[in-house]
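Protein chains in written order, with this note's numbering: chain A, 1 to 341; chain B, 1001 to 1283.
Hints are computed from structural coordinates only; laboratory data are not their basis. The reader is advised that the hints may include incorrect statements.
[To be verified] To give a feel for the contact side, a few chain A residues facing chain B, derived at Cβ under 10 Å: (1) Ser69; (2) Tyr108; (3) Arg109; (4) Ser114; (5) Phe148; (6) Ile179; (7) Pro180; (8) Gln291; (9) Ile295.
Where a beta carbon is used, it is the ideal one built from N, C-alpha and C, also for glycine.
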Amino acid sequence: MLAVHALRSNRQQAPTSSPQQTDVGRVCMDDRRPTTFPDVRPSLPLHRNRSEPPAVRLSPRAVSWLQVSPLALILLLFFILPTALFVVVSFFDYDRTGIYPAFIFDNYRDLLASPATLRLYASTLKFAVIVWTITLFLGFNIAYFLIFHVRSGAIRVVLFLLCVVPFLTSAIIRTIAWIPFLGRNGAFNQALIGLQLTSRPLDFLLFSDFAVIVAYVHLYTVLMIGPIANSLAKIDPSLLEAARDAGASRWQTMINVVIPLSKTGIALGSILVVTQVMGDYFVVRQMSGGQSASIVSALSTEIQAMQYPPAAANAMVLVVVVAIMVTFMMRVVDVRKELVK
Amino acid sequence: MAISSTGTSAGDERPWTYYALGTLFGAFLVFLYGPMLVIYILSFQGPEGGVTFPMLGASISWFVNIFEPGQMANIPVSFSRSIALATVVSLVTVAISVAAGLAFRRPFPGSSVVFYAAVASLVMPSLLVGFGIGLGFKFLGLEPSLFTSALAAQLTWTLPFGLFAMFAVVNRFDRSWEEAASDLGASSWQRLRYVTLPILLPGIMGVAVTAFTLSYDEYARTTLTIGSKNTLPLEIYALISSATSPTLFAIGTLTTAVSFLLIAVTLLLVFRTQHRRGLMRAG
């Protein structure tokens, strides 16, 4: 009935080019008036002819191309071409006054020969691995709780929204929100002292690796919860029952049934979390108090100094590293098949 | 929400894992909202108070401070820029990703290329996207600005999100509604206008609000593509190092309130639409 109702509620705006048309519209769209299908049938060819003459009727393939072309165009112009551009620029020469078209490998050689590069990659990868582990643990367990333990659909939606809504607010504000919380005189230290758990405020809480990780987990756990919950929701509960009937323990069911069936969500969530951490430059700068840098924060310093060719070379290396990581994670699962069906 | 009911039958005993995971979930919510609550409270700090507890009285003086001339002078104008940009981003994202979502219902040559380009655009380090576009504008001798380079940079972020959200929306769409419409004599345009889009409407509203808030809070892709006139997140970013008063928290409270309000209104509309449909189906 839904389609018919949708039709009816929009009846007033329906195109009424010929009286015949209007009549047909009323007959088929107003379900208060008794109607039968044969009344509608005869007008079918007329209908089609008016808005879509058979001569220009597009094939389904052409319709799809037409529908996807704006997206393709924007991705081409503002993602693929700019990326190609910094590939080109990464081979350019530069000095203090400008950049010069060239084809030199100096930018890459300088970058790859520098011990600082290795340190930056080691530091950023360390954050990525730690944050990935924590968000995977939290994300999987929270998604599992929402899908398998919360029985009411309405409550599940509300709890899920509670997790998602902060993601739609400012990441900058959510990051600096930790400062008055974790600071030396912050709420957390005051609470610890108030509860007499510590006599002196803890210093490692803010402007440290710890603070960076806390902020990352705070920002990105939802990127794990969403895809995993989506995967878990597709698991037929009777499979779990079957596992139980066959004598599997809760743990065995988890390892042999639930986790394999949710690996799509795990892979998708992992891709999102890891790439976010790899691309961050704000959180690491802000929460480490300037003590730690990330690949991108170093890169942004180069951009600010207008050293575009080395920045572009740096960007290229990062893109390759991220692409390898993503490809590796996508091997686990056919992401496209899962998303598009 | 792609989450369907899979709970076990009501009435049987809760296993211990229920309580363990329930506690974990509760702790996560405290972790998620706790620090944000702290800055909301601190933004009402008394005029003599500082950036941490204790609260020395309560006042709205830090909010008033935002609208006074001085250091914060750029906040209101950058706010209106952000709203304007987010509105455009949201409309464009809805139009393009709904069309693309419908396109992907059929197999077509080149679909994988578009799909993987969208994935790559989503996982590409954000600053690099802005860097590429900024370089491109420089090479072409164009001045970066709000509705050219910044809009483009943000679309490379919101469009993949919109597309993947549309996959979820379209996957749950029952095509028999469309067949019924065709059988009743609807042209393909009528079918789209009066059947497909109205049924997809709640999902489309979700895409709209997501695109709006993603744009409204975006900074990494915008920073190198905005030119000289900052959006609100970039203005806040610039203030972090210099502002040491609770004014920064007041700004945070206000900008978050805008996001919350928008999300709440959208959810209300979605639930109303679905509720009405439920009634119609029952009636």
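Hint check:
no., hint, result
1, Ser69, "holds (9 Å)"
2, Tyr108, "violated (16 Å)"
3, Arg109, "violated (21 Å)"
4, Ser114, "violated (19 Å)"
5, Phe148, "holds (6 Å)"
6, Ile179, "holds (8 Å)"
7, Pro180, "holds (5 Å)"
8, Gln291, "violated (15 Å)"
9, Ile295, "holds (8 Å)"
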